[in-house]
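Student: The primary structure of each chain is shown beneath.
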Amino acid sequence: MASAYLELIRIRFLMMLAYRVNYYSGIIIYAINIGAYYFLWKAIYGDADTLQGFTVAQITTYVAVSWMGRAFYFNNLDREISNDVRDGSLAVQMTRPYNYLIVKMMQGFGEGLFRFGLFMIPGMLVVSLLFPITFPSDPVRYVVFIVMLWFSFLINSQLNILTGLFAFFVENNEGMMRMKRVLVDLLSGVVLPIAFFPSWAKPVLDWLPFPAITYLPSSVFTGRLNGADVWQALLVQVVWFAVLIIPIMAMWRSARRRLFVQGG
Amino acid sequence: MSFTLSLFREYIANYLKTKLTYRADFWVEVLSDLLFSAVNLVFIFVVFLHTPDLMGWTEAEVVFVYGYFMLAFGVFSTFFNLWNFSERYIVKGEMDRVLTRPAHSLVQIMLENVDPPSMVGGLVGLAIMGTSWATLGLPFDWYDPIMLLVMVIGSVMIYGGLYTSLAAISFYSDAPTGIVPLMFNIQNYGRYPVQIFNKGIRFLLSWVLPFAFVGVYPASFFLDRHRDLTMSLLTPVVGVIVATIGLTIWNRGIRKYRGAGS
Numbered sequence: 234m235a236s237a238y239l240e241l242i243r244i245r246f247l248m249m250l251a252y253r254v255n256y257y258s259g260i261i262i263y264a265i266n267i268g269a270y271y272f273l274w275k276a277i278y279g280d281a282d283t284l285q286g287f288t289v290a291q292i293t294t295y296v297a298v299s300w301m302g303r304a305f306y307f308n309n310l311d312r313e314i315s316n317d318v319r320d321g322s323l324a325v326q327m328t329r330p331y332n333y334l335i336v337k338m339m340q341g342f343g344e345g346l347f348r349f350g351l352f353m354i355p356g357m358l359v360v361s362l363l364f365p366i367t368f369p370s371d372p373v374r375y376v377v378f379i380v381m382l383w384f385s386f387l388i389n390s391q392l393n394i395l396t397g398l399f400a401f402f403v404e405n406n407e408g409m410m411r412m413k414r415v416l417v418d419l420l421s422g423v424v425l426p427i428a429f430f431p432s433w434a435k436p437v438l439d440w441l442p443f444p445a446i447t448y449l450p451s452s453v454f455t456g457r458l459n460g461a462d463v464w465q466a467l468l469v470q471v472v473w474f475a476v477l478i479i480p481i482m483a484m485w486r487s488a489r490r491r492l493f494v495q496g497g
Numbered sequence: 336m337s338f339t340l341s342l343f344r345e346y347i348a349n350y351l352k353t354k355l356t357y358r359a360d361f362w363v364e365v366l367s368d369l370l371f372s373a374v375n376l377v378f379i380f381v382v383f384l385h386t387p388d389l390m391g392w393t394e395a396e397v398v399f400v401y402g403y404f405m406l407a408f409g410v411f412s413t414f415f416n417l418w419n420f421s422e423r424y425i426v427k428g429e430m431d432r433v434l435t436r437p438a439h440s441l442v443q444i445m446l447e448n449v450d451p452p453s454m455v456g457g458l459v460g461l462a463i464m465g466t467s468w469a470t471l472g473l474p475f476d477w478y479d480p481i482m483l484l485v486m487v488i489g490s491v492m493i494y495g496g497l498y499t500s501l502a503a504i505s506f507y508s509d510a511p512t513g514i515v516p517l518m519f520n521i522q523n524y525g526r527y528p529v530q531i532f533n534k535g536i537r538f539l540l541s542w543v544l545p546f547a548f549v550g551v552y553p554a555s556f557f558l559d560r561h562r563d564l565t566m567s568l569l570t571p572v573v574g575v576i577v578a579t580i581g582l583t584i585w586n587r588g589i590r591k592y593r594g595a596g597s
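As they're listed, the protein sequences go chains A and B.
Remember, my numbering sits 233 above the position in the first sequence when you count from 1.
Remember, my numbering sits 335 above the position in the second sequence when you count from 1.
Simulated from the structure, these hints should not be mistaken for lab results.
Hints should not be assumed to be uniformly reliable.
Claimed, not checked - Quick list of in silico lysine-lysine cross-link-like pairs, PhoX-like style, CA-CA up to 25 Å:
no., chain 1, residue 1, chain 2, residue 2
1, B, 591, B, 427
2, A, 413, B, 354
3, B, 427, B, 354
4, B, 534, A, 275
Chain A extracted, bound-state conformation (with noise of 0.2 Å):
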């Protein structure tokens, strides 16, 4: 069974590197979003040295590490699954001899690997020429960076499945995807670092899974996090891929119950 896991991710990898060309925009663009932010920032700091913490070399490299980060981890597992319902192909795959839910993740991976090889890498490369960039120097930190993401890629997926899963209950999910992903983006710190936020909004954050996407591992990426604090944010990650798999269980079941499939 697990070999024919291992087989779906080695086909969506092979069928992603099959459209590699769009993803060489993919990197143009990824630039051109850094490059807003960083200009953005810049005029924001003004004369100021430090703001919140972050020097302009600190924020520079978060922006681009975060925006980065966002090239391996974003999927679209959530349009994926409500296509799925919605022209009832699920029914089929519910009657194949795995789990529907894993083949998806398992896609996912197949697709977070291409991104990291043939995206992100060479876009973190592309970038560096373009901006001023500060790499961290201990290898450690690049070792903890790849686990922290490979957790924001988990819970990313998790919070695309829940969303896609939505699609059994309500007759149109299609605004509800939108508005996931502009959340994603704002809450998880990819458009703003949380230190920035109001005051009253980051004990909030702190109870949602949002900022362990890329507040977390960019922080430790851009030297923020230090020690013990490093290996803390990193069992927040865990914790929150734990949890989220209750929620995910729960919808699904009672989603099987409500199946019913027009025709076939």
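Please arrange chain B on chain A, whose structure you already have, making use of the hints.
Tutor: Just chain B now, with coordinates in the frame of chain A:
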């Protein structure tokens, strides 16, 4: 012209009939459009918690520019909903049907895809401009509403011309290009005062891809402290130029069109 206007009325009536069946969709679309702008506004508000000004621009001024952008973009997206042009008209061959009819092909396609929910974002932009207007205590002159109308028409013509040119590329090449998303992201630069960018980008936004004319330049006409009379008054001129280029590329492209063969 009156023929086109009568078509417009018919298409809108048709749109309302189909959309009233799915009222929830309408509001969901409006809401998700607004959320996108809300995130950008949150960025501006939060940033100004930490700095008094952005290279001399105060919070209300930056928000005013953003409101103008929303207004122009709302009007533009209502009428130029060409995002899936290549997919729908070229790949699926619907262009053949359009070309057999007497009205101009671009007008038909604009009308078929008219998207009133986008107008709500434009109205919110107008409200934001009004609020910032009051906050800034700007004087209200009799010609301001007329100038606003002229500026918005100019800005919409710039966007319309640019995206019409991009849509017309599908007449020449059927390969899906990443140009439209590319353009969409560069366009975001126009929402902020151009003064924050370096010389190269400023030049690009003014004279190559004139997105600064859909934001800071026309808006500066109303902001006394930042008024750049030359650049703001150039908005309708640039609009006419870009729209003419777009229409020319479109009309030439139509002649190249050979059908998908389906």
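Student: Would you mind marking each hint as holding or not holding in the structure?
Tutor: Status of the hints after comparison with the structure:
Between the alpha carbons of residue 591/B and residue 427/B the distance comes to roughly 17 Å, so the proposed pair stays at or under 25 Å and holds. With a CA separation close to 24 Å, the supplied pair residue 413/A and residue 354/B stays within the 25 Å bound. Restraint check: the Cα-Cα separation between residue 427/B and residue 354/B comes to about 23 Å, which is no more than 25 Å; the hinted pair holds. Taking the CA atoms of residue 534/B and residue 275/A, the gap is near 15 Å; set against the 25 Å cutoff, the hint holds.
Checked against the numbered hints given earlier, the structure satisfies every one of them.
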